[in-house]
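K.L.:
Can you make the complete structure from the sequences, with help from the hints?
Number of protein chains: 2
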Amino acid sequence: MLLFIMYLEGQAHFLKVEKVLFEGKSKYQRIMVFQSSGYGKVFVLDGALQLTEKDEFSYQEMMTHLPLCSIPAPNKVLLIGGGDGGILREISRHNSVDQMDICEIDTMLIDVYKEFFPDIAVGYDDPRVTLHVQDGTAFLKSVPNATYDAIIVDAFDPIRPEHELFGSPFFKLTAKALRPGGVMCIQAESLWYQPLNIDKLVSSFRHIFLGSISYAWTAVPTYPRHACFPLSSLNS
Amino acid sequence: MLLFIMYLEGQAHFLKVEKVLFEGKSKYQRIMVFQSSGYGKVFVLDGALQLTEKDEFSYQEMMTHLPLCSIPAPNKVLLIGGGDGGILREISRHNSVDQMDICEIDTMLIDVYKEFFPDIAVGYDDPRVTLHVQDGTAFLKSVPNATYDAIIVDAFDPIRPEHELFGSPFFKLTAKALRPGGVMCIQAESLWYQPLNIDKLVSSFRHIFLGSISYAWTAVPTYPRHACFPLSSLNS
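If you're matching them up, the sequences are chains A and B in order. So for the first sequence, our numbering puts the first residue at 361; every next one is plus one. So for the second sequence, our numbering puts the first residue at 361; every next one is plus one.
Quick caveat, the hints were computed from the structure, so don't treat them as lab data. Each hint should be verified, as a subset may be incorrect.
One copy or two, it doesn't matter: identical chains are merged, so the pair holds either way.
[To be verified] List time: in silico DMTMM-like cross-link candidates among lysine to aspartate or glutamate, alpha-carbon distance up to 25 angstroms:
# : residue 1 : residue 2
1 : Lys-532   : Asp-479
2 : Lys-379   : Glu-369
3 : Lys-532   : Glu-369
4 : Lys-436   : Asp-479
P.N.:
Written out as structure tokens, the structure is:
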């Protein structure tokens with residue numbers, strides 16, 4: 361019996377693998393897709409579970425609708441990462457949106473999602489979407505100030521806080537790219553397990569974003585830690 | 361290495377056991393207490409995880425404060441089950457409460473909690489508490505109509521819907537014991553995993569309780585399914 365294993369300190373979570381559907385290595389990361397017993401198809405990056413067909417909506421909906429519903433009539437939205445397309449799918453439900461830019465560096469990841477998860481990658485089908493195959497930091501540097509109403513960052517796992525995107529320079533670029541009154545949303549791990557210090561994150565945001573900082577959370581059963589979301593708004 | 365294992369369909373959740381602290385069999389069930397690596401002490405009944413020191417508060421607080429804060433100034437409260445004492449501890453924070461009855465049949469369970477989980481069993485120390493060592497159904501039959509402002513049922517696991525407490529007769533007795541405008545709260549499993557049909561439960565409650573039926577949920581990391589709570593209120 362094949363098992364997919366997620367470890368946390370003192371505990372482990374096993375998913376039964378019915379069949380491995382894809383294994384490959386892109387320029388950036390190892391990609392695996394398997395059919396699970398209870399969660400439909402599962403996508404894994406560098407050994408870390410990314411999403412399952414059964415519960416992905418819980419993450420995608422919260423990452424999208426929390427920020428977009430927190431400001432009136434968002435028009436231009438930038439998604440950094442989120443290459444699966446699920447957040448694009450959710451953004452497209454907002455009629456006020458005219459422009460959806462996605463900055464995703466790994467085209468193999470997109471292709472694998474399109475092949476194995478068409479109900480998620482459907483987000484790319486919206487004509488308002490423009491894909492920028494580029495590094496997030498480089499892309500933000502090219503963006504004129506005050507361009508976006510909302511920026512959603514779904515580009516890295518906060519359990520790896522050493523990731524360069526998780527530093528102040530990246531968020532300063534994000535803040536510059538937001539119009540006054542715009543909103544930024546990022547996943548920031550869980551109140552229950554904190555390799556990342558959420559207090560520290562929120563106070564660093566207070567120096568970068570001028571508006572209110574909110575923290576919200578949802579449950580995604582296959583993330584044993586539960587997913588959480590702070591929102592940072594940049595007021596005028 | 362010793363592991364405690366919780367199975368669900370197609371998945372398993374393992375907790376690392378540092379040391380088994382107690383194993384015994386009461387008149388009603390097998391009881392085990394172990395020291396875990398990441399969750400403090402863990403209490404297990406008939407092989408099913410009941411609570412851990414790290415996250416028990418999440419369950420106890422929601423089971424208590426959702427119903428008690430939903431009505432003005434609750435005075436008489438009945439807890440059926442909940443022998444660990446954590447819900448009593450939370451009820452005692454409500455100044456309006458003068459009477460806290462707990463109906464728990466298994467005295468060995470109470471003794472084990474008092475020995476190994478003093479911060480939870482502290483709930484028994486409140487002078488407003490009266491312990492009734494009795495079967496919940498038999499106790500409710502002896503209660504005069506319209507006695508309680510709130511009844512909290514923490515007496516069985518909804519993944520065992522065949523349990524006699526999970527039938528209409530039990531809830532009819534509960535409704536009778538509630539004063540008009542009183543409130544009942546019970547744990548009713550998760551929206552994610554439904555061996556129990558929550559729709560069916562809610563519609564059966566609509567026939568028994570005259571007021572509004574609400575459904576709420578929280579996350580308890582060691583319950584891989586997450587805990588959920590419907591509230592039923594009996595209006596005048």
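K.L.:
Would you mind marking each hint as holding or not holding in the structure?
P.N.:
Against the structure, the hints:
| no. | hint | verdict |
| --- | --- | --- |
| 1 | Lys-532 <-> Asp-479 | neither (34 angstroms within a copy, 45 angstroms between copies) |
| 2 | Lys-379 <-> Glu-369 | between (28 angstroms within a copy, 16 angstroms between copies) |
| 3 | Lys-532 <-> Glu-369 | neither (33 angstroms within a copy, 45 angstroms between copies) |
| 4 | Lys-436 <-> Asp-479 | within (24 angstroms within a copy, 52 angstroms between copies) |
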